[in-house]
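Colleague: Sequence:
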Amino acid sequence: MARVSAEKKAEGARWLAQGRSAEWVGQLCGVTERTVRAWRRNDPEFRRVYEQQLGGLRSQGLLAIAEQRQTPPPLRKKQDETTLEALGAAALKIGRKEADRGR
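Residue numbers (full-length UniProt numbering): 1 to 103.
Be aware that one or more of the hints could be misleading.
What the hints assert, rightly or not - Across the chosen pairs, the derived CB separations fall in these ranges:
(1) Gln79 with Arg3: 53 to 59 Å
(2) Ser5 with Asp100: 25 to 31 Å
(3) Asp80 with Glu33: 43 to 49 Å
(4) Arg3 with Ala89: 18 to 24 Å
If you're looking for bench data, these hints aren't it; they were derived computationally from the structure. Just so you know, even glycine gets a beta-carbon here, dropped at the ideal spot from N, CA and C.
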């Protein structure tokens, strides 16, 4: 079995939380998808980074998009609003919807 650095595992946990498949993360880290799933179940450091990333995505309203439960809404910008601010507002709206549903 290939030795994987802690940084590479943490990067894999972040990608997995963002909706990438275990197979894709395994290819990134040079291991099998079964190994990635075992990390998610058994490795406390991997779980910590994974849960932290999920929490961050959930608070930004992006977890629903990453899990493909919702699609991003069409971007509607106010007159003096930058694109980044408009994206943030749209993600926040999705986050509120998800919170109302109890997810």
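Colleague: Check each numbered hint against the structure and report the violated ones by number, ascending.
Modeller: 2, 4
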